[in-house]
Amino acid sequence: MSVRVEGARKEFRTRRGAHVVALDGVDLEAKPGELLVVVGPSGSGKSTLLRAIAGLEGLDAGRVVIDERDVTGVPAGRRDVAMVFQEAALFPHLAVAANIGIGERARGTRRRDIGARVREVARVLDIEPLLTRMPGQLSGGERQRVALARAMIRSPKVCLLDEPLAAVDTELRLRMRGEIRAVQRSLGVPMVHVTHDQAEAMAMGDRVAVMAAGRVLQCDAPAELYARPATTVVARIFGPLPMNLLPAADGIVVGVRPERVTLAEDGEGRAGSVVAAEPAGEECLVRVRPDDLPGELLVRLPWAGAPHAGERVTVTWRPADEHHFDAATGERR
Amino acid sequence: MRRWPLAAPYLVGSCLLVLAPLALAAVLAFTDYFGFVAPEFTGTGNLTRLAGDRTFWDAVGVSALIVVVVVPLRLLLAVGAALLLARRRGARTAIGRAAAYLPSTIPDAAWALLWLWILNPLYGPLPALLGALGLPDPGFLTTPWGARLGLALVMTFQVGEAFVVALAARIAIPGHLHEAIEVEGGSAWFAMTRVTLPLMAPIVLVLAVRDVVVVVQNAFVPALLVTDGGPANATLTAPLVIYRRAFEYGELGYASTLSVTLLVLTGIAAVFPLWLAARLAARQRTRA
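The listed protein sequences derive, respectively, from chains A and B. The opening residue of the first sequence carries number 252 in the working numbering; numbering runs sequentially from there. The opening residue of the second sequence carries number 2 in the working numbering; numbering runs sequentially from there.
Covered, in the sense of this in silico footprint (three residues per stretch, anywhere, with C-beta under 8 Å from a C-beta of chain B), are these stretches of chain A: (1) 299-307; (2) 339-349; (3) 353-365.
Partial chain B-side listing against chain A, Cβ under 7 Å, derived: (4) His177; (5) Leu178; (6) Glu180; (7) Ala181; (8) Glu183; (9) Val184; (10) Glu185; (11) Gly186; (12) Phe191; (13) Pro199; (14) Leu200; (15) Arg286.
If you are wondering where the hints come from, they were derived from the structure by calculation, not from laboratory data. Virtual Cβ for every residue (Gly too), placed ideally from N, Cα, C.
Bound-form chain B, shown alone (with noise of 0.2 Å):
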C-alpha cells in the first residue's frame, strides 16, 4: 500500500487553513483591500508606508525585547524540569512532571485573566506578596516597564510541550554514558555540561525555534487582555498592531503587509538555529 494517502487530511487541512490564507495574504499585502469593494493593486505603497510604519517597527521591538527575555526563561524552566525529572522516582516523579505540564492545559484567554488577577495594582495577590518581603512594586500594570515585566511573566510559564520534548531527549540519552563518566570520577556537573546537554543540544535549538513562533504568535492574547497594550504603548507587540490595523482600522491589504513581514522576520530568525540544530545531529549520529 502506497502510504502517502495517509498524509491527505492533513495536507488537505493545511491547504486550506494554511497555505491558501497565506498565499492570499501575500497577494493581499500589495493591495488597498478593505473588505467592502474588490482589492485593487497599489504596488509598492504599501512597502513604503511599513517602512515609515513608527508604531509597527516599535511594536517589532517589544516583540523582540519578549522573545529575548521569555524565550531564555522558557528554555530553562523545560530543560531544568526535564533533567530534574528525567530519573523514576515513584510518585515524586508522576507529581512533578503533571506540574511542569499542568500550566499548558490551561486555554490562553482563561490564563491571561487570570494573571490580570495575579498582578492587579489593587489586591493582586504578587504585589501583596512583593509588598509584604519589603521589595518595591514595579507595577506590573501601571508603568511600561513593569507591564513589560508583567507580559513576560504570563508567558513564561506555559512550558508543557517544551518540557515533554526535553524529557523524551534527555531520556534517550543512553544510562552507560553516565556511568561512563560516573566510573571516571566527572562531577554531576562535568555530566551534565559535557555529555547530558551537549546531546540534547540539537532538540534544545529546534525547541527554541519553536518557542520564538510560539512567543511572538502568543504575545497576542496576553497583550490584548492583561495589559491592552498599554501603558503608553509599552507593551504593544506585532501581532495586536496587526489585529488593529485589519479589525479595528480595517485596512486588511496594509495588515497583510503587516503579517508577511512579521512571518518573514520569524523566519530569518529561525534560519541560524535550524541550521545549527541539523549540524549539531549529523555530528553525533551513532552509525554512519
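Same shape as in the complex, but just chain A (with noise of 0.2 Å):
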C-alpha cells in the first residue's frame, strides 16, 4: 500500500479575490509502512495537501493514487484513508468508546461488532480506562490518544495526521512521537505525518519533505536534508537552527551551519563583536556580528566559556562543513 500525488495543483481565491496558490504542481509518495513526514511554516500548502490526500479538498489539476487505484475523483468517505485532526475531532456528546467506533457505525457496522474492537486498540494504546469519559474530561494528550484510537480501528490503506501534537506540551509531545511512531509500525501502512515543527519531523520521519509557497523543495531522509539541504530556503526551515547563509565572490552564497561554527583560538577567521548571547541549557546560542559582511552569525557554543555581549571573537569552521548554493536561484551546487 501507498499512496501518492502527481502534479497536484490547487488555487484559492480569498475573501478580497486575490489568488492564492496553495498547491504549486507538488509530486510525493509515501512507500508502502513508510511515515512521510510534510514540513513547512504556515501557509506552505502543507495542509492543503493533506485534505487533498484525504478528499476534503478537490485538486485543481493533478491526480491523487492511493494503492495504485486512482482517487482523485473519489469522495473522501470511500479513500479508505483515516486522519487525526489537529484539534482531536471528537465528538463532545459522545463517550470515548462510542468516539472510537463512530467510523465503524458511520459505515454500518452493529453495534454489537463494534464493543469488541474499540477495547482492542484502547487496550494497544493503553486508554482502556478512558473509554466510559466523556472528551471534556480528557487531557490534551488523551484527546490525541483517542483520535489515534479512531484512526486505527478501521485499518486504513493510508493514515493521514494533521499536527496532531501541535496543542500538546513538550515532554508528552516527545513521548507521542514515540508512540505514534509505534502505531504506524504496527500498522504497517503509509503515514502522512503534516507538522511545521521540524525537530518533529526529523525524529519522527522515515523520509521528510520540506515544503514553502505550495512547493515540495526536497523530500529526504532526515539525516540526508541536514547533510545535503537542496536550496537555501531548506537550509533555513530544516535543521536545529537555521544556517548562516554568508554572500560570497562568483554568485555564491556560502552556508554554514551554527551548530558547525566555532571559537578560532588562535585568530584565524571571521573576527566580530557578539551581540547577543541567550543560554540555552548546556549551550548558548550567540548573535555575531561580523566586521566584513552585513547581517549576523548565528553560532552555537557551549555553555562553559561562552562570549558575553559586546566582546571581540573571532569565529570560524571547516571547510568542509560549508554548503554552496546559486546566489541567484538558491539552488545547491
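Two chains, two frames, a set of hints: combine them into the complex.
What follows is the structure, encoded as C-alpha cells:
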C-alpha cells in the first residue's frame, strides 16, 4: 500500500479576491509502510496537501493515487483513509468508546460487533480506563490518543495526521512521537504526518518533505536533508537552527550551520563583535556581527566559556562544513 | 468598576413591568376585584369557580392542541432553515436567510389580518388554490377544525428569532467534526442525526420552551382578529378567554386567577425540557 500525489495544483481565492496558490505542482509519494513527514511554515500548503489526499479538498489539476488506484474524483468516505485532526475532532456528546467506534457505526457495522474492537484498540494505546469518560474530561494528550485509536480501528490504506501534537505540551509531545511511530509500525500502512516543527519531522520521519509556497523543495531522509539541503530555503527551514548564509564571490552563497561554527583559538577566521548571547541549557546561542559583512552570524557554543554581549570574538569553521548555493536561484552547487 | 449597575435599567424595567404586575395579579387572583370598588378577599372562592369553569378548561385544551401542533412545526422550520442555510454560498444564502427571518418583522396584527385575507372563503388565495388543485377546502374560517388549522397556519411561519438562534448553534459546531465523519465514510444523514442535531439539542430544547411560551401567548392576536374564538368556540384560546373575562365582563379578580393558572401550567410544561437541555449541555461541555 502506498499513497502518491502527482502534479497537484490548487488555487484559492481569498475574500478580497486575491489568488493564492496553495499547491503548485506537488509530486510526492509515501511508500508502503513509510512514515512521511511534510514540514513547512504556515501557509506553505502542507495542510491543503493532506486534505487533498483525504478528499476533503478537490484539486484543480493532478492526481491522488492510493494503493495504485486513482482516487482523484472519489469522495473522502470511499478512499479508505484515516485522519487525525489537529484539535482531535472528538465528538463532545459521545463517550470515548463511542468516539472510537463512530467510524464503524458510520459505515454501518452493528454496535454489538464494534465493542470488542474498540476495547482491543484501546488496550494497544493504553486508554482502556478512559472508555466511559466524556471528551470534556480528557487532557490534551488523552484526546489525541483517542483520535489515534479512532484512526487505527479501521485498518486504513493510509493514515493522515494534521499537526496532532501542536497543542500538546512538550513532555507529552516527546513521548507521543514514539507512540505514533509505534502505531504506524504496527499498522504497517503509509502515514503522512504534517507538522511545522522540524524537530518532530527529524525525529519521526522515514523521509521528510520540506514545503514552502506550495512546492515540495526537497524530499529525503532526515539525515540527508540535514547534511545536503537542496536549497537555501530548505537549509533555513530544516535543522535545529536556521543555517547561516553568507554572500561570497562568483555568485555563490556560503552556508554554514550554527552548530559547526567554533571560536578560533589562534585568531584565524572572521572577526566580529557579540550582539547577544542567549543561554540554552548546556549551550549558548551567540549572535555575532562580523566586521566585514552585513547581517549576523548565529553560533552555537558550549555554555562554559561562551562570550558575553559586546565582546570581540573570532569565529571559524572547517571548509568541509561549508554548503555552497547559487546566489541567484538558491540551489545547491 | 462594579458591573451590576449596568443591569439596573433592565432590573428596574422588569420590576415595574413584569414582577410588580405579576405580584399584583397573584394577590388579585384571590379577590372579587371589578375595577370600581376596592377588592375584597374571597378566599378560595375563585379557585372553586376555576375548577368548574368548562369554558376555561376547554380553552386550555385548545391552546394545548395549538402548542402540540404548532411548536414542532415551528422548530422544524427554524432548525431546517438553519441547517440548509448554514454554509455561506454567496447571494443565495443571504436571500434565504433574509426570507426565513422576514415574516417575524411583520407586526402580529398586520400578520393576522393578512392571513384573514389569505384564508377567507370568498376570495382568499389559499382556498382558491386548493380548489384549483382539486383538493378539498377544509373551511378555514367556517368549520371548527378548519378554523383550528387556519389558526395553526397563522402561527407557524413567524420563526425568525428561533431561526437566528438555531443558525448560530449550527455554525458554532466546529467544521472538523463534520470532516471527521466525511473521512470515515458517514452519510449526510448520519452526520445530521448523530452529530449536528445532538450537538444542537440543548439549544433546540431551550427554543422549544421559548416557543411554547410564545405560542400560548401569541395565540391571542390571531384568535381575536382572524377567528374571534369561533366557530362554536373551536379557536377560543386561553389568553382570549382571560381577555374577555377581564375586559368584556370586567371580572379582573377572576381573570387574574386564570392568568396565574395559565402561567403555572406553562411553567410546568417548561420544567422537563429545560432540565433535559441543562443535562445535555453539561454532558457535552468541551472543557471540564
